[in-house]
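Participant: So you can see what is in the structure, the chains are spelled out below.
2 protein chains.
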Amino acid sequence: MFTSMPIAYARTPYQATSEIPKGCGAKHDAEGVLEILPEFEAGLLGIEGFSHLYVIWEFDKSGDYDLVAHPPTDSSRPHGVFATRSPRRPNPIALTVVELIRRDSAKLHVKGVDMLDGTPILDIKPYLSSIPEEKLRRGWLAEAEARNRAVR
Amino acid sequence: MFTSMPIAYARTPYQATSEIPKGCGAKHDAEGVLEILPEFEAGLLGIEGFSHLYVIWEFDKSGDYDLVAHPPTDSSRPHGVFATRSPRRPNPIALTVVELIRRDSAKLHVKGVDMLDGTPILDIKPYLSSIPEEKLRRGWLAEAEARNRAVR
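Sequence order for the protein chains is A and B.
Just so you know, we're using our numbering here: the first sequence kicks off at 25 and counts up by one.
Just so you know, we're using our numbering here: the second sequence kicks off at 25 and counts up by one.
It is worth saying that the hints were derived from the structure and are not from the lab.
Hints are all accurate, no fakes.
Since the list can't tell identical chains apart, any single copy or any two copies may satisfy a pair.
Dumping the calculated DSBU-like pairs for lysine-lysine here, alpha-carbon to alpha-carbon at most 30 angstroms:
(1) LYS51 <-> LYS85
(2) LYS131 <-> LYS159
(3) LYS46 <-> LYS159
(4) LYS135 <-> LYS159
(5) LYS135 <-> LYS85
(6) LYS51 <-> LYS131
(7) LYS46 <-> LYS85
(8) LYS51 <-> LYS159
It should be emphasised that the depicted structure is a prediction, and the values quoted were computed from it without experimental measurement.
Excised from the complex, chain A in its bound form (with noise of 0.2 angstroms):
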């Protein structure tokens, strides 16, 4: 067993799960604040060099973990928790990417958050690299979009 604990809060829009945009063409357009906890700001040193940064955050509010999810993405069959973005993992650990729009001591201003307001950081890194489009498969999830397309 490893331990974690918080480094930062977020500050977001969010105050219940309902309320964070989910499935097929969901926006994660929202601003909101990554709050560092004052004993580790200088941590933060030359962080406003980077545009996007990958945040690391416990789902706090999620309980027990399924195997197999039905995203709201794509009700038609289920999928292994591990091909999901589910709360509900054995290690209920997310993981966002953001936007850095501009820090103001220990506060990072962001753009992209997806998470409940009060939620705990555990990390925060810089985000490096992006995988080429043409190279990128998508499995399920691309189905579901074009399905849902098609629908529409």
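Use these hints to put chain B onto chain A, whose structure you have.
Facilitator: This is chain B only, laid out in the frame that chain A set:
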């Protein structure tokens, strides 16, 4: 405090951290296997449809942390730990994007491993999108790369 447990272990060519390519221009094309524990295998359903995966793992050999790091890519000045991928982090959690070559039951054959052989894996998620190259700023790393290119 939050706890997490291994859901898999990595089999990689690396027995010592000194063998893992680091710094500017490091190529991460080593192949390895993520061996999912039997009790979590059902969670892989449908994962073979994705070309790339996020692997979240534990720097289990990392001891204490430094808030300011001197990454091998840029020894000219210090960088806050959250602006680097240093293993000496408040929460020693690592993130690697790998290419999924094939699935063989509970074994995921992947390319791009950069962790030690035997490393505990905490989570696997589908890699779903890329930030377009023209929107990406890579802070001190881009500067260090340009400097290193000029020296060569």
